[in-house]
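Engineer: Each chain is listed here by its residues.
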Amino acid sequence: MKRFLSLVMVLALVFAMTAACAEASYTSAADLLTWSWDDIEAAAKEEGEVTFAIWSDEAEYNQICSLFTDRYGIKVNVLAGDKNTIMDKVLTELDGKGSIDVMYLSGETVNGLIGADALTKGILPIMREKDNLVPGLSARKEGVSNADGIWVPVTTSPAGFLYNADQFTPETLPQTFEDLTAFIDANPGKFAMCIPENGGTGQAVMESIIASLTGGLDQYLLAEGNVCDPALLEKWSAVWDWFNEHKQNITFTTSNSDGLSRLNSGEVWLVAAWNSNVRASELDGNLTINHGLYVPEMGLCYSGEVMSVVRNATHPAAALLFIDWMTTEEGQNALGEKNSMTARTDMVNEGLCLLSPEDRARNMDWMAACYKTEYIKEFTVNVLQ
Amino acid sequence: MKGRKKRFQWGYLLLAPALGFILFLEGSALFMMIAQSLGFLNYTGEDAFTFAHWQQLFSRNFFDNLMYSLKIALLASLICLAVVYPLCLSIQKMPGKKTWLSLWKIPLFIPALIACSLMGNIIAYNGALNTVLLALKVIDKPLSLRNDAWGVGALLTQVWKNIPFMLLILYSAIEAVRKDVLDAGRNLGAGRVRLFFEVTLPVTMPSALVATIMTFIKVFNDYTISKVMGPIYPSTLSNLMHKAAYTLNDWHSAACIGCLMVVTSIIFVKLYTWLSDQITRRLS
Numbered sequence: 000m001k002r003f004l005s006l007v008m009v010l011a012l013v014f015a016m017t018a019a020c021a022e023a024s025y026t027s028a029a030d031l032l033t034w035s036w037d038d039i040e041a042a043a044k045e046e047g048e049v050t051f052a053i054w055s056d057e058a059e060y061n062q063i064c065s066l067f068t069d070r071y072g073i074k075v076n077v078l079a080g081d082k083n084t085i086m087d088k089v090l091t092e093l094d095g096k097g098s099i100d101v102m103y104l105s106g107e108t109v110n111g112l113i114g115a116d117a118l119t120k121g122i123l124p125i126m127r128e129k130d131n132l133v134p135g136l137s138a139r140k141e142g143v144s145n146a147d148g149i150w151v152p153v154t155t156s157p158a159g160f161l162y163n164a165d166q167f168t169p170e171t172l173p174q175t176f177e178d179l180t181a182f183i184d185a186n187p188g189k190f191a192m193c194i195p196e197n198g199g200t201g202q203a204v205m206e207s208i209i210a211s212l213t214g215g216l217d218q219y220l221l222a223e224g225n226v227c228d229p230a231l232l233e234k235w236s237a238v239w240d241w242f243n244e245h246k247q248n249i250t251f252t253t254s255n256s257d258g259l260s261r262l263n264s265g266e267v268w269l270v271a272a273w274n275s276n277v278r279a280s281e282l283d284g285n286l287t288i289n290h291g292l293y294v295p296e297m298g299l300c301y302s303g304e305v306m307s308v309v310r311n312a313t314h315p316a317a318a319l320l321f322i323d324w325m326t327t328e329e330g331q332n333a334l335g336e337k338n339s340m341t342a343r344t345d346m347v348n349e350g351l352c353l354l355s356p357e358d359r360a361r362n363m364d365w366m367a368a369c370y371k372t373e374y375i376k377e378f379t380v381n382v383l384q
Numbered sequence: 000m001k002g003r004k005k006r007f008q009w010g011y012l013l014l015a016p017a018l019g020f021i022l023f024l025e026g027s028a029l030f031m032m033i034a035q036s037l038g039f040l041n042y043t044g045e046d047a048f049t050f051a052h053w054q055q056l057f058s059r060n061f062f063d064n065l066m067y068s069l070k071i072a073l074l075a076s077l078i079c080l081a082v083v084y085p086l087c088l089s090i091q092k093m094p095g096k097k098t099w100l101s102l103w104k105i106p107l108f109i110p111a112l113i114a115c116s117l118m119g120n121i122i123a124y125n126g127a128l129n130t131v132l133l134a135l136k137v138i139d140k141p142l143s144l145r146n147d148a149w150g151v152g153a154l155l156t157q158v159w160k161n162i163p164f165m166l167l168i169l170y171s172a173i174e175a176v177r178k179d180v181l182d183a184g185r186n187l188g189a190g191r192v193r194l195f196f197e198v199t200l201p202v203t204m205p206s207a208l209v210a211t212i213m214t215f216i217k218v219f220n221d222y223t224i225s226k227v228m229g230p231i232y233p234s235t236l237s238n239l240m241h242k243a244a245y246t247l248n249d250w251h252s253a254a255c256i257g258c259l260m261v262v263t264s265i266i267f268v269k270l271y272t273w274l275s276d277q278i279t280r281r282l283s
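As you go down the protein sequences, you meet chains C and G in turn.
For the first sequence, the residue numbers in numbering that gives the first Met the number 0 are 0 to 384.
For the second sequence, the residue numbers in numbering that gives the first Met the number 0 are 0 to 283.
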């Protein structure tokens, strides 16, 4: 009997050790998706550090990330660089372990990274605050679908029309597409838009004009297999005709910030801009004229920052925990202190949003990615050439 | 008599750093670019051998960008050359020429993006140029000069940025022209203009050629200045390449453009060399 009991105890011990080892072994973030957050936290603490790639102010992010370090004792290595360079680094490190664990995804790089299968799928559904995150950006970013749960939104930034308040009254601000056309005709060169290949605000204006001239935005939101519907593309001849009729009176800019500096210099009176860029320019002293921001009735898109875990991250548990923390009240408030608007629907960042709730309601979703690629290509062929 | 086996010359190892640089760094990048242009090494999708990317490349968009790149590279290198010769000759005779030389080299140390901001401030809507023109009543409202259709802003920035580079090469060449030869020319009755065209220019032509070719290639392959200061359309091939790779995720077309940039640079180097030989022969 003693022998039998000893055998049972030994077997139980071996089973428990095997189970423990099995749970502790993981090679990527995908292996952690079924773990409890307590286990992920323990594994993250074991890893001890996480590398986070950004393309904005490194000093600000060091401050934000220090709060995460204080809470969990996990060091965050902030890696600041150009968004395309970061993408290149991730792509070239896909074999073996990557040196970047977590990264922001931009409209320019999200397609390339998804195409290369460089990001971990299924992270959004496990986030503890997923139900409180902005639904539009959780589902799509600048026309790219997040059906696989690849990214988690952490900030939002609506687009609006920034205007020289000395040149407009609330009644004279262009609201509809017809108003905008009339303004462009009456004030040559005073409306500016970034060319779509160089900035998101140009894309926001393009989408709004396409929607206005071809029967609304809804028809472009989904594209089976990310392939454009030829029947819809045929309707775009009206868009190119409109641009060719009015392009002499539109000031095309080379970037989002170029539009802001031209407005500030008095060269233009009305330009599409991101709320975040306007706010940053106000604080930096780069926007000194009397100005205002609004979303016209014709609507403009909104965007925001989303975070993703690199598929071959060296510190996958810390990466997941870090993203989850970014969506907590503490993380969102830390981002808010650095002028980023919250991605949480149950939180408000006082003073960060320059738009009224009525204006925010006019912010639209983005077209499916294939349509975005198409109008970027066709704009060069039909308008610029 | 059997020939003795030649001993290995260890001195050849001194070539290793240069050969390593050319073969491994430049060679591997060129190999990757050519392979990508033929459909291989696709980071973001399937790999397959194809000429389709080359077939799709030759559109109006490509030729417009190619012509713009050639135009701005040719103009910038020729304007720099035209400015640098008289500048070198003037500095040579100036008191405190070392200080002047140092001052002229300042743009070499200024990044292209900062140079663009500088030029942008001068030609901006309420910049120095418009302010002066308004004060002189030449214009009644400021002109929109940024990203002009002719690329004048980009050309001015390129000239400003590349003059010191050319100065660096040409000043040493002009300083090296033997004084006794110039004195002999003067004794024979040659004026300043004749001395320049018959002595200084032929003697310094090889250096001028090197400076012109290097400036041409720098400007032809430029990305930043054309992006910020150049016309909205067209732009340089580097910008077209960037757009293909990063905006449209078409890395293969970007590689095709890269291959053509290398080929065009080589053709123009050959052309300049031939032209320079012809001019040097005539002048001497």
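Simulated from the structure, these hints should not be mistaken for laboratory data.
Idealized CB from N, CA, C, for every residue including glycine.
Some hints here could point you the wrong way.
To be verified - Computed, partial: chain C to chain G, Cβ under 10 Å:
| # | residue |
| --- | --- |
| 1 | L78 |
| 2 | K82 |
| 3 | I125 |
| 4 | F242 |
| 5 | H245 |
Unchecked claim - Listed next, with one range per pair, are the computed distances between beta-carbon atoms:
| # | chain 1 | residue 1 | chain 2 | residue 2 | range |
| --- | --- | --- | --- | --- | --- |
| 6 | G | G19 | C | D116 | 20 to 26 Å |
| 7 | G | M66 | C | D56 | 36 to 42 Å |
| 8 | G | G10 | C | S65 | 34 to 40 Å |
| 9 | C | N243 | G | I278 | 45 to 51 Å |
| 10 | C | A237 | G | V261 | 28 to 34 Å |
| 11 | C | T287 | G | L112 | 20 to 26 Å |
| 12 | G | L247 | C | K44 | 23 to 29 Å |
| 13 | C | K337 | G | F48 | 30 to 36 Å |
| 14 | G | A47 | C | D56 | 40 to 46 Å |
| 15 | G | Q55 | C | E328 | 29 to 35 Å |
| 16 | C | D116 | G | L112 | 52 to 58 Å |
| 17 | G | L247 | C | I288 | 32 to 38 Å |
| 18 | C | D165 | G | I105 | 56 to 62 Å |
| 19 | G | L112 | C | G265 | 54 to 60 Å |
Engineer: Indicate, hint by hint, whether the structure satisfies it.
Structural biologist: Each hint tested on the structure:
no.	hint	verdict
1	L78	violated (19 Å)
2	K82	holds (9 Å)
3	I125	violated (26 Å)
4	F242	violated (13 Å)
5	H245	violated (15 Å)
6	G:G19 <-> C:D116: 20 to 26 Å	violated (34 Å)
7	G:M66 <-> C:D56: 36 to 42 Å	holds (40 Å)
8	G:G10 <-> C:S65: 34 to 40 Å	violated (56 Å)
9	C:N243 <-> G:I278: 45 to 51 Å	holds (46 Å)
10	C:A237 <-> G:V261: 28 to 34 Å	violated (42 Å)
11	C:T287 <-> G:L112: 20 to 26 Å	holds (23 Å)
12	G:L247 <-> C:K44: 23 to 29 Å	violated (43 Å)
13	C:K337 <-> G:F48: 30 to 36 Å	violated (49 Å)
14	G:A47 <-> C:D56: 40 to 46 Å	holds (42 Å)
15	G:Q55 <-> C:E328: 29 to 35 Å	violated (51 Å)
16	C:D116 <-> G:L112: 52 to 58 Å	violated (34 Å)
17	G:L247 <-> C:I288: 32 to 38 Å	holds (36 Å)
18	C:D165 <-> G:I105: 56 to 62 Å	violated (39 Å)
19	G:L112 <-> C:G265: 54 to 60 Å	violated (24 Å)
The earlier numbered hints that this structure contradicts are 1, 3, 4, 5, 6, 8, 10, 12, 13, 15, 16, 18, 19.
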